[in-house]
Amino acid sequence: MTANLYQPVSAEIAEIIDESPTIKSFVVVPDGEFPFDTGQFVELALPGEGEAPFTPSSSPSVTEKMEITIMKAGRITGLLHECGKGQPVGLRGPYGNGYPVDEFAGKHVYIVGGGVGLAPIRSLFLTLVDRIGDFKSVVCRFGARTPEDFIYKNTLFGAWQKLDGVEIKLTVDQANGDWDGNVGVVTTILNRKDVDIENAVAVVCGPPIMMKYATVSLLDFGFAPSKIYLSMEKNMSCGVGKCGHCMLGKYYVCKDGPVFTLDQIDKYPDIWE
Amino acid sequence: METAFISKLKPLLHAVAETMDVYVPRKVDEHYVCSRYDPEAQAEPEWNEIRMCTPVKELLFPLREMAAAFPEPVEPQPVKPFAVFGLKACDLRSLEILDKVFMEEGFEDPFYIARREAMFSIASDCTAPGESCFCNLLYGKPYAEGGFDLNVSRVTDGYIVQPGSPKGRSFLFAHASLFGDVPDALLAERTELRELGQRRLADVHQELPVDAPLRTIVERGYASEAFDEEARTCVECQACTRVCPTCHCFYFHDTKQDDYFARMKMWDSCMRMGYAGVAGGANPRKILGDRLRHRFMHKFVWFFDRYGLEMCVGCGRCIDAESGDVDMRRVLRRLSDECLGMGQKAVQAPK
Chain A
1 MTANLYQPVS AEIAEIIDES PTIKSFVVVP DGEFPFDTGQ FVELALPGEG
51 EAPFTPSSSP SVTEKMEITI MKAGRITGLL HECGKGQPVG LRGPYGNGYP
101 VDEFAGKHVY IVGGGVGLAP IRSLFLTLVD RIGDFKSVVC RFGARTPEDF
151 IYKNTLFGAW QKLDGVEIKL TVDQANGDWD GNVGVVTTIL NRKDVDIENA
201 VAVVCGPPIM MKYATVSLLD FGFAPSKIYL SMEKNMSCGV GKCGHCMLGK
251 YYVCKDGPVF TLDQIDKYPD IWE
Chain B
274 METAFISKLK PLLHAVAETM DVYVPRKVDE HYVCSRYDPE AQAEPEWNEI
324 RMCTPVKELL FPLREMAAAF PEPVEPQPVK PFAVFGLKAC DLRSLEILDK
374 VFMEEGFEDP FYIARREAMF SIASDCTAPG ESCFCNLLYG KPYAEGGFDL
424 NVSRVTDGYI VQPGSPKGRS FLFAHASLFG DVPDALLAER TELRELGQRR
474 LADVHQELPV DAPLRTIVER GYASEAFDEE ARTCVECQAC TRVCPTCHCF
524 YFHDTKQDDY FARMKMWDSC MRMGYAGVAG GANPRKILGD RLRHRFMHKF
574 VWFFDRYGLE MCVGCGRCID AESGDVDMRR VLRRLSDECL GMGQKAVQAP
624 K
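Line by line, the protein sequences are chains A and B.
1 is the number of the first residue of the first sequence in my numbering; add one for each residue after it.
274 is the number of the first residue of the second sequence in my numbering; add one for each residue after it.
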């Protein structure tokens with residue numbers, strides 16, 4: 001008989017890391033290996049309460065555990081934030097297509113991220129760094145509301161900046177404390193000379209409003225819509241293209257996404273709603 | 274055996290009931306509902322002139338079922354074979370549509386498949402298409418040409434039974450003593466009655482346009498104000514999607530039991546306000562008209578793009594069930610008029 005695709009596997013929260021006032025990372029250890037491709041998402045369940053979709057923020061090279069970074073935004077995420085170590089959870093997936101990293105080979109990878117959108121990007125970043133020689137460069141432009149709102153501060157402000165082949169610029173909407181970097185939304189640190197656009201792909205992940213304006217800038221710089229990779233956030237529920245909640249035009253974001261190139265979806269109005 | 278004759282329905286259904294639970298139409302007011310057949314009952318089973326108002330999906334993808342449990346997993350249980358009598362061509366087409374979704378390779382829904390495989394479908398010709406029927410606009414006919422195990426056509430003094438699958442043929446073979454041969458005259462009568470059914474159906478919707486495929490009409494009408502305007506009387510009762518034999522949206526509802534957690538899979542409706550909303554409050558379809566547009570686009574354009582057939586069978590159940598007077602035919606007619614207008618403008622433009 002066909003396996004039950006709606007049944008989660010058992011897992012446990014092994015560690016919790018405070019990332020920002022509203023964001024925590026959870027180290028989740030499933031019963032057995034749980035391989036995934038970077039950019040794919042999982043359904044994380046709090047038994048008896050419900051589940052929600054998240055893209056793991058850890059490298060897919062680690063399969064015995066994964067990190068999931070969660071912003072407190074709704075009922076399930078609020079309950080997860082109250083959980084402690086040892087909390088039993090359920091995991092389904094992985095679902096969707098993920099980032100086509102092999103197609104990025106030989107190119108500059110221009111990554112634009114904001115807020116908790118850095119979670120899927122961290123997984124992609126770690127994947128790219130593992131084989132950094134395959135890419136012309138990895139150029140990151142990340143934004144957050146305030147310096148405190150950046151997640152992964154230790155590595156973001158430190159080790160990642162020193163990696164060969166990687167260039168990172170950060171910005172905040174509002175500076176405070178001893179922030180001496182750029183102040184302004186993420187589009188203010190995008191520049192058409194950041195990468196050789198003819199030989200580059202762009203990856204955008206963040207709040208819809210940020211994605212919308214970052215995409216406008218990228219198009220203005222001359223990026224082809226087929227070279228702009230967007231992580232779309234919709235209400236992915238079943239994960240297998242049936243329940244209908246995450247439809248974006250003819251696509252099921254859960255099955256055909258969550259990563260789309262702009263040319264796949266730009267014919268649908270209001271993709272940022 | 275190509276076709277067989279039987280004078281009463283009762284012996285036929287009685288034979289089916291020997292090994293299966295049987296569901297039959299039962300008339301309640303002006304509609305037929307699907308109910309369990311009692312082989313002990315004296316009365317001859319009812320003949321539904323048109324489709325039952327209950328969609329057949331209810332037997333395959335119930336309103337509410339347990340889809341997962343925690344910590345002990347739940348697996349689909351074997352399903353006792355069951356038969357449904359009185360399915361119409363539109364119902365069989367709805368099964369074809371649901372199969373695309375729930376039997377998709379690599380994404381099979383085991384609960385649906387277990388029931389689907391246990392189902393014995395006994396179709397019957399429509400003898401009086403209803404006022405809301407518009408299957409003829411979606412390539413439908415008032416009789417089935419395939420997709421059934423058995424098909425029953427009413428003729429003078431009895432019924433012609435035709436098998437449509439190996440299961441159906443085995444059934445007729447096993448119960449050969451119940452059936453007689455079909456004289457040519459009765460086959461000719463069946464053809465005449467079927468043609469009459471088609472003419473009646475065409476008469477009901479003389480004014481409905483068929484100049485362009487419905488998917489073209491709907492796709493070109495994406496920006497039409499028709500959706501907002503036609504949705505004005507909608508009261509969001511969601512009856513249209515519940516009673517639709519092809520709508521298959523569902524949501525999960527997690528519950529706590531004494532010693533386990535259960536995840537229920539329950540019907541949902543894209544006409545519901547919070548349907549597409551995400552944590553944090555974003556919702557791509559806050560406006561009712563946008564949700565009506567989505568329903569039309571999904572049914573006539575996006576499902577077709579994906580699976581090669583429309584997700585509407587023209588059964589008209591949504592029109593009968595509608596408490597807010599949103600008539601799918603009226604929306605389609607409006608979009609068609611607008612589409613025709615656009616075409617004329619396009620032709621006139623070069624002058």
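No lab work stands behind these hints, which were simulated from the structure alone.
For glycine and all other residues, C-beta sits at the position ideal for the given N, C-alpha and C.
Hints may be right or wrong, so weigh each one.
As a list, the in silico DSS-like pairs of lysine-lysine whose alpha-carbon atoms are at most 27 Å apart [stated by the list, open to error]:
no.	chain 1	residue 1	chain 2	residue 2
1	A	Lys250	B	Lys373
2	A	Lys85	A	Lys24
3	B	Lys529	A	Lys24
4	B	Lys529	B	Lys559
5	A	Lys72	B	Lys353
6	A	Lys250	B	Lys559
7	A	Lys65	A	Lys153
8	B	Lys414	B	Lys373
9	B	Lys353	B	Lys283
10	B	Lys414	B	Lys440
11	A	Lys250	A	Lys212
12	B	Lys414	A	Lys72
13	A	Lys85	B	Lys529
14	A	Lys267	A	Lys212
15	B	Lys353	A	Lys267
16	A	Lys255	B	Lys559
Label pairs and their in silico Cβ distance ranges [claimed, not checked]:
no.	chain 1	residue 1	chain 2	residue 2	range
17	B	Pro346	A	Glu198	18 to 28 Å
18	B	Glu275	A	Gly32	51 to 61 Å
19	A	Asp263	B	Phe446	35 to 45 Å
20	B	Pro346	A	Leu79	20 to 30 Å
21	B	Glu338	A	Val27	32 to 42 Å
22	B	Tyr580	A	Gly32	27 to 37 Å
23	B	Lys559	A	Lys193	35 to 45 Å
24	A	Val9	B	Glu462	54 to 64 Å
25	A	Asp270	B	Pro346	38 to 48 Å
26	A	Val27	B	Lys559	31 to 41 Å
27	A	Trp179	B	Gln350	51 to 61 Å
Results of checking the hints against the structure:
Our distance criterion of 27 Å between C-alpha atoms is met by Lys250/A and Lys373/B, whose separation comes to about 15 Å. Under the criterion of a C-alpha separation no larger than 27 Å, the hint pairing Lys85/A with Lys24/A is consistent with the structure, at around 13 Å. A threshold of 27 Å between alpha carbons decides the hint, and for Lys529/B with Lys24/A the separation of about 26 Å falls inside it, so the pair holds. For the given pair, Lys529/B sits about 31 Å from Lys559/B by alpha-carbon distance, which is inconsistent with the 27 Å threshold.
Simply put, Lys72/A and Lys353/B have alpha-carbon atoms about 46 Å apart, too far for the 27 Å limit, and the pair is violated. Distance check on the hinted pair: Lys250/A and Lys559/B sit about 19 Å apart at the alpha-carbon level, within 27 Å; holds. At most 27 Å may separate the alpha-carbon atoms for a hinted pair to count; Lys65/A and Lys153/A meet this at roughly 21 Å. Distance restraint check for Lys414/B and Lys373/B: the Cα-Cα separation of roughly 21 Å lies within the 27 Å cut-off, and the hinted pair is therefore satisfied.
As the CA atoms of Lys353/B and Lys283/B are separated by approximately 22 Å, the hinted pair is consistent with the 27 Å bound. Note on Lys414/B and Lys440/B: the hinted pairing holds, with a Cα-Cα distance of about 24 Å set against a maximum of 27 Å. At roughly 20 Å between alpha-carbon atoms, Lys250/A and Lys212/A fall within 27 Å of each other, so this suggested pair holds. At roughly 53 Å between alpha-carbon atoms, Lys414/B and Lys72/A are farther apart than 27 Å, so this suggested pair is violated.
In summary, the hint linking Lys85/A to Lys529/B is supported, as the alpha carbons are separated by about 21 Å, within the 27 Å threshold. Only pairs whose Cα atoms come within 27 Å are accepted, and Lys267/A paired with Lys212/A is accepted, the gap being roughly 14 Å. Straight-line distance between C-alpha atoms of Lys353/B and Lys267/A comes to about 47 Å, which puts the hinted pair past the 27 Å bound. Proposed proximity of Lys255/A and Lys559/B is supported: the alpha carbons are some 24 Å apart, at most 27 Å.
Between Pro346/B and Glu198/A the Cβ separation comes to about 51 Å, which falls outside the hinted range of 18 to 28 Å. At roughly 54 Å, the beta-carbon separation of Glu275/B and Gly32/A lies within the given 51 to 61 Å, and the hint holds. For Asp263/A and Phe446/B, the Cβ-Cβ distance of about 56 Å falls outside the hinted range of 35 to 45 Å, so the restraint is violated. Checked against the given bound of 20 to 30 Å, the beta carbons of Pro346/B and Leu79/A, roughly 22 Å apart, stay inside it.
Here the CB-CB span from Glu338/B to Val27/A is close to 34 Å, well matched to the stated 32 to 42 Å. At roughly 34 Å, the beta carbons of Tyr580/B and Gly32/A sit within the given window of 27 to 37 Å. About 40 Å separates the C-beta atoms of Lys559/B and Lys193/A, a value consistent with the hinted range of 35 to 45 Å. Between Val9/A and Glu462/B the beta carbons are some 60 Å apart, a value that agrees with the proposed interval 54 to 64 Å.
Between Asp270/A and Pro346/B the beta carbon distance is about 39 Å. The supplied range of 38 to 48 Å therefore holds. Separation of Val27/A from Lys559/B is about 37 Å and conforms to the stated range, judged on CB atoms against 31 to 41 Å. A hinted range of 51 to 61 Å holds for the C-beta pair Trp179/A and Gln350/B, which are about 60 Å apart.
Hints 4, 5, 12, 15, 17 and 19 from the list above are not met by this structure, while the remaining hints are.
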